[in-house]
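Line by line, the protein sequences are chains A and B. Take 257 as the starting number for the first sequence in our numbering and just add one per residue. Take 164 as the starting number for the second sequence in our numbering and just add one per residue.
Bear in mind the hints are in silico, worked out from the structure with no lab data behind them. One thing to keep in mind: the hints can contain errors.
Taking lysine-lysine and the DSSO-like style, the derived pairs with C-alpha atoms no more than 30 Å apart in a straight line are [claimed, not checked]:
id, chain 1, residue 1, chain 2, residue 2
1, B, K623, A, K259
2, A, K522, B, K522
3, A, K685, B, K656
4, B, K378, A, K259
Computed footprint of chain B on chain A, listed as stretches where at least three residues anywhere in the stretch have a Cβ under 8 Å from a Cβ of chain B [claimed, not checked]:
id, region
5, 395–406
6, 684–691
Treat the numbers as computed from the prediction; the structure is a model and nothing was measured. We treat Cβ as the ideally placed atom computed from N, Cα and C, and that holds for glycine.
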Amino acid sequence: MVKPSRSLLLLGYILIILANVTFFLPPEIKLTETISFRSFTPGSIFEKQEVKYADISDITQKFNQPDPLELPEKAAPAKKKKKTKAAVVKQQAPVKPDTTEVLETRYHIQFPEKADTVLDGFFQALRSSLPSKELIRVLHYGDSQIEGDRITSFLRRRLQEQYGGCGIGLIPAVDGSGTRLTLLQRADRAWSRTLAFGPDYNKTLPGSYGVLGTYYTYTPIRHLSQIKPTSGQSSYSREETTTNGKFDFSTAEPVSLELMPSDMAKGRSRQVKNLKLLYRNPGAPFQLSVTMAGDTVNKNIDSSGSLRIYKYRLKKDFETIRLSFKSKKSPELYALALDCNTGIAVDNIPFRGSSGTEFIRMNKNLLKQQLKELNVKFIILQFGVNIVPYLTSNFSFYEEQLYNQLELLKSVAPEVSILVVGVSDMSRKEGEDYVSYPNIEPIRDAQRRAAFKAGCAFWDLYEAMGGKNSMPSWVFAEPPLANKDFTHFTPKGARLVSEMLYKALMMAYEEKNRI
Amino acid sequence: METLRNILSYNEKSPLIFTDSLFWVFFAGVMLIYQFLYTKQKLRNMFLLVFSLFFYYKSSGFYFVLLLFTTVVDYYLGWKIYNAPEKTQKKWYIVLSLFINLGLLGYFKYAYFLADIINNTAGTQLTPVNYMAHWTNVVTGSSIDIASIILPVGISFYTFQSISYCIDIYRNQIRPVDNILDYAFFVSFFPQLVAGPIVRASEFVPQIYKPYQLKDEEYTHAIFLILNGLVKKILISDYISTNFVDRVFVSPTSYTGFENLMSVYGYAIQIYCDFSGYTDIAIGLALLLGFRLNINFNSPYQAVNITDFWRRWHISLSSWLRDYLYISLGGNRKGKFRTYLHLLLTMLLGGLWHGAHIKYIIWGALHGLGLAFHKFWMEVRGTKGQKSRGWNKFAAQLVTFHFVAFCWIFFRAENLEIAKQVMTQIATNFQAQLIPQILFSYKAVFGLMLLGYIVHFTPKGLKEYLEEYLGYAPDIAKAFIIVAIILCLYQVKTSALQPFIYFQF
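Model the full assembly from the supplied sequences, consistent with the hints where possible.
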């Protein structure tokens with residue numbers, strides 16, 4: 257029979273061996289460059305946390321916002337048939353921001369020295385143009401951190417509630433990832449997209465990227481009955497060219513796109529007044545038909561090398577819209593937009609895997625035209641997490657690259673205000689603890705220097721999150737504010753970030769108003 | 164001094180769990196005292212009871228009063244049921260016992276859920292109040308938050324144990340325990356207190372009165388089980404959840420359909436390793452103290468049909484549900500239709516037992532439908548009792564596993580929207596062309612998942628052979644092996660995070 261003393265003795269042996277291991281083995285033995293063998297430290301045995309994570313309780317208290325999907329959203333007021341005089345006067349008065357809250361310095365928008373006017377263009381537009389006169393746009397570029405309309409959607413909601421507007425802004429013609437929750441998109445297989453970033457980077461066709469860093473084309477389809485049937489094929493065949501001369505629209509097969517609001521689209525994100533189509537068709541004329549609620553509009557569009565915007569006004573509430581194209585050669589589609597006629601539009605433009613250095617690949621002229629036609633007043637650039645894993649001490653190369661992008665944007669649209677949002681905190685593991693990458697602060701500094709040099713404002717997201725080692729606090733918060741990759745925000749965390757950004761912007765605006 | 168007080172007092176953020184080194188320090192302390200007491204039955208039981216109560220206090224603070232309350236009530240009612248001269252009186256007492264036990268469980272576990280449902284349907288504004296905290300504040304002058312009801316650790320397990328005790332007495336299957344301390348010991352025995360297995364009085368109570376006994380091979384088996392549990396929990400479950408599964412389930416649409424599918428497979432092995440690993444350790448610990456708890460998991464994914472799965476998965480719960488819920492409802496004695504209905508109801512409630520959320524009800528309902536369908540299928544084909552072999556068996560395992568894994572989506576997803584996203588991604592955004600790239604990028608995660616499944620499908624004989632081999636080693640060699648394993652686990656615990664990769668699609 258085994259007596260309990262034997263178990264005790266075994267535990268004793270284990271303890272003695274462990275003590276020896278802890279004492280004699282160094283905490284870390286490098287086996288290769290990346291792999292190392294770790295031994296215990298006295299602290300690790302008792303799970304003593306060596307690193308102190310940032311305290312974020314004031315952040316969660318100050319910026320906590322309920323889930324907009326769970327709350328009924330204030331819908332944009334229905335268009336009044338007859339405006340009273342008072343209402344007209346009221347609408348023309350400058351709109352006041354809804355916050356007079358004074359935030360601590362670490363949340364502030366930062367301006368280059370002696371140039372705290374760099375956002376004035378945008379503030380001026382807020383003051384004079386809104387809510388009734390025209391539609392102004394904010395482009396929110398970013399990496400996977402903003403994918404799926406994260407951060408942007410809540411910012412849009414806040415700005416639209418304050419300054420009017422509806423819709424969800426610019427959207428890709430073909431949705432690559434299906435990450436947007438409020439819109440469902442479907443596209444025929446004939447569509448393809450080419451990206452200025454990611455694996456398409458080396459594909460050559462510079463100059464054609466649209467405002468979304470993408471262009472969309474399709475391969476025209478002809479019905480198989482018109483050409484010789486080949487065995488073993490499906491009923492359609494993709495052909496680049498058509499035989500014998502003139503293109504026959506009547507026999508061509510349409511290639512289509514579909515947009516529909518999802519069940520989760522509520523309030524302003526479901527309200528759409530017009531659908532826009534940004535395109536160029538230098539190759540061939542095309543026939544476009546737009547169908548919604550049984551109503552179809554057909555339009556023949558001549559070929560042209562310059563940028564054009566087709567606008568379809570919605571006569572009813574937004575429901576499934578079908579866009580069909582027929583042509584011998586595909587036009588280049590740059591973006592679609594679901595907008596209001598007036599107010600503010602905020603566009604979510606994620607470049608997955610990018611560090612925000614692809615803008616110089618775009619055609620300057622085309623970009624200039626697009627920004628002008630779209631009446632863009634404000635651009636937010638939010639990149640950085642994708643270069644964090646590259647360990648180097650000097651990020652002047654990134655500063656240079658980012659500066660070049662900002663310079664390009666400034667040169668094509670000098671009147672547009674630009675805000676650079678700095679890199680967010682990101683952790684790696686040291687022992688059992690999660691610590692900030694040592695790169696974060698150098699990258700943030702490089703971003704700020706680039707922004708200031710190019711005459712742009714800067715917002716320090718890393719400091720706003722709580723600074724060093726704040727990411728673990730976001731991950732371990734209840735409910736979690738960031739994902740277990742210790743990089744990306746959860747929807748709730750993203751909401752918190754946009755609330756911080758919104759309040760910082762409004763505070764800067766308020767200060768301008770006071771002077 | 165301050166540290167000592169911290170170690171001995173309740174800390175909400177660090178409950179005492181088997182994978183913490185602090186627990187093992189306590190356990191060594193228990194063994195130190197135990198070696199002087201183990202031959203003296205009464206003292207031994209007393210000592211284990213006191214430590215168990217301390218252990219519970221460490222995990223859940225003042226809620227241990229609740230454990231004591233349940234214990235006293237059920238001990239008292241057990242005798243009342245036993246001594247009642249008439250069946251109707253017995254019935255009254257058992258109803259009272261059920262009312263109290265289920266009432267407590269319901270209050271702590273389902274108050275918000277029920278208030279939500281009532282508020283939504285009736286438009287009322289009910290907000291549950293934590294009376295337990297309220298009374299504690301009144302009595303002790305403390306200021307515990309009364310606005311939130313926190314689920315006391317292990318309440319789902321010990322209420323079920325108490326219920327089974329009373330029902331067994333009611334059914335004349337056991338005699339009540341003579342001494343309330345013995346009963347308290349049965350309810351609160353620390354290895355199974357927090358996360359099962361759910362122990363039956365009929366199996367455990369007789370052991371309370373038997374002298375300590377532990378055979379050589381049982382000793383080895385206990386060590387083997389504990390190591391097995393630690394490896395399952397830390398090497399497989401913890402690693403793949405942090406580095407892959409949790410991430411995908413937070414944001415399914417950021418990942419391809421293939422990654423979503425892999426995260427479902429990952430979760431299937433993760434939850435198995437997590438849960439069975441913990442109960443393995445519990446069984447091993449109890450055995451070292453001389454108490455035998457029944458096996459709780461038996462390679463469940465080797466099941467050839469869903470009925471078989473539930474004979475292998477969380478056996479102590481499934482048999483509890485069978486004996487006390489399914490049979491109480493009428494089992495298969497009330498005709499075919501009722502049998503199907505009983506199966507469905509049992510699993511529905513079994514689902515709800517796992518947590519107060521519609522997703523658990525759906526999970527339970529799916530399993531209930533699966534069980535009913537399987538019963539129907541066997542009757543239609545007349546294949547009851549036949550065993551499948553070879554390819555047929557493999558196909559049956561594959562189908563069963565996929566059904567179970569599908570149900571896990573609901574179990575794991577934060578809410579139904581996430582579950583829908585996972586399924587939509589798998590169905591419409593699979594991105595097969597990226598598979599080689601994804602496999603390569605997540606090689607550590609997928610490697611461990613594969614290892615988990617390989618071990619899971621390893622024949623029993625091989626594992627027993629390994630265990631026997633461990634038995635031959637002298638204890639000092641065992642200690643070296645154990646330290647080596649701990650060092651390996653430490654590598655996993657301190658390993659670098661799997662970097663995030665979003666594939667372009």
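Outcome of the hint check:
| no. | hint | result |
| --- | --- | --- |
| 1 | B:K623 - A:K259 | holds, 28 Å |
| 2 | A:K522 - B:K522 | holds, 24 Å |
| 3 | A:K685 - B:K656 | holds, 10 Å |
| 4 | B:K378 - A:K259 | holds, 9 Å |
| 5 | 395–406 | holds (count 3) |
| 6 | 684–691 | holds (count 5) |
Hint check: no violations occur; every hint is consistent with the structure.
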